[in-house]
Amino acid sequence: MADLKTQEREVLFALEGERKPRSLMVEHDTTAGQLIEKIRMMTGRLDLEEVLIEDDDEVVEHHHIVIERIVIDEFKLVHIATRGKITVKVTFNGKAHEHEFGPNATMDKIVKWAMKAFHLEGDPSDFQLKLGEDLLPPGEHLGQIAEGKKTVRLALVMKIKPQG
Amino acid sequence: MEQSELRLRADLAGAAFRLGVYRGQWEFVRARFPIAWFRIPKPPLKPGPDHFLVRVDCTNYPGPVTAQLWDAVTDQALALEQRPYGAAGVLPAFSPWSTCLYHPIDRLARDHWPGQFDDLAWKPGSDIITFLEIVHALIRDPAYLQSTASSASAQLPAEPLETDASRVA
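Chains as they are written, first to last, in the numbering used here: chain A, 1 to 164; chain B, 1 to 169.
Bear in mind the hints are in silico, worked out from the structure with no lab data behind them. Treat the hints loosely; a few may be bogus.
Taking lysine to aspartate or glutamate and the EDC-like style, the derived pairs with C-alpha atoms no more than 16 angstroms apart in a straight line are [to be verified]: (1) A/Lys-76 - A/Asp-108; (2) A/Lys-130 - B/Asp-75; (3) A/Lys-159 - A/Glu-100; (4) A/Lys-159 - B/Asp-141; (5) A/Lys-159 - B/Asp-118.
Please build the complete structure, drawing on both the sequences and the hints.
Structure follows, in structure tokens:
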């Protein structure tokens with residue numbers, strides 16, 4: 001990701017309300033506040049206010065350098081979001097549980113929460129979340145699938161393995 | 001270069017594909033359209049080759065694609081006994097029933113389940129990333145116990161992805 005001559009780095013990021021991730025080259029010392037400004041200019045979206053790191057509970061403060069917050073050992077996607085959490089209602093076998101997550105929460109994190117909430121045992125990768133008929137990959141962020149809304153209903157399902 | 005190839009190369013150059021590379025889910029190996037090869041790692045801490053080589057036929061992309069686990073040494077589909085195994089035998093998605101994956105996302109397999117598994121099938125908007133996400137999950141199946149394939153089976157020489165259409169032969 002690094003360009004040693006210019007000290008530019010590629011930042012891959014998810015935008016709340018958009019399904020596909022984007023990328024941007026930034027200076028290695030770009031702060032969270034500067035990153036938001038760049039992305040506001042790029043997208044015209046003035047509602048974007050927060051930089052979050054995948055599955056972290058804390059918002060990155062605007063004076064912090066973004067590159068320093070990206071974990072290198074295990075890649076974490078940056079999430080650029082509007083203010084506020086997203087209320088997730090998950091249904092399973094006719095029951096429902098609700099919880100607030102940041103838009104940077106992965107489906108994997110929500111599956112693990114849901115398994116606890118519904119007292120389910122097993123490997124989290126045997127379960128999957130659905131939005132309507134759409135099966136959601138474990139690494140996708142809540143803000144990517146919520147279509148800009150602050151409440152979303154998901155269904156927890158067992159992963160189907162088609163047989164003959 | 002035809003539209004299918006342009007679209008595939010654009011998707012392989014996009015942020016969504018690179019995200020999977022950074023996450024260690026897959027690696028691009030090379031493309032000789034309509035065929036593209038990718039490496040997908042075995043499940044961590046389980047016996048097997050470092051990676052599996054996946055040969056994807058992208059004819060009529062972004063329409064549905066079809067794929068097989070491939071052996072770079074023999075340049076053929078990976079032998080049955082070297083595919084990912086679980087306690088009950090080869091994992092169903094990699095069974096030798098035909099020259100494709102045994103999963104509704106695969107173009108050749110789709111007709112095997114008429115009217116079933118629509119949510120697992122290729123849909124409008126699906127792309128090579130959708131497909132690789134599924135193949136990655138099939139290899140990372142918790143039921144995976146081992147594979148006897150050698151790491152050499154995935155060592156097809158890599159070629160950089162050429163995204164400039166005018167420079168592709």
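**Message:** If you test the structure against every hint from before, which numbers come out violated?
**Reply:** 2 and 3
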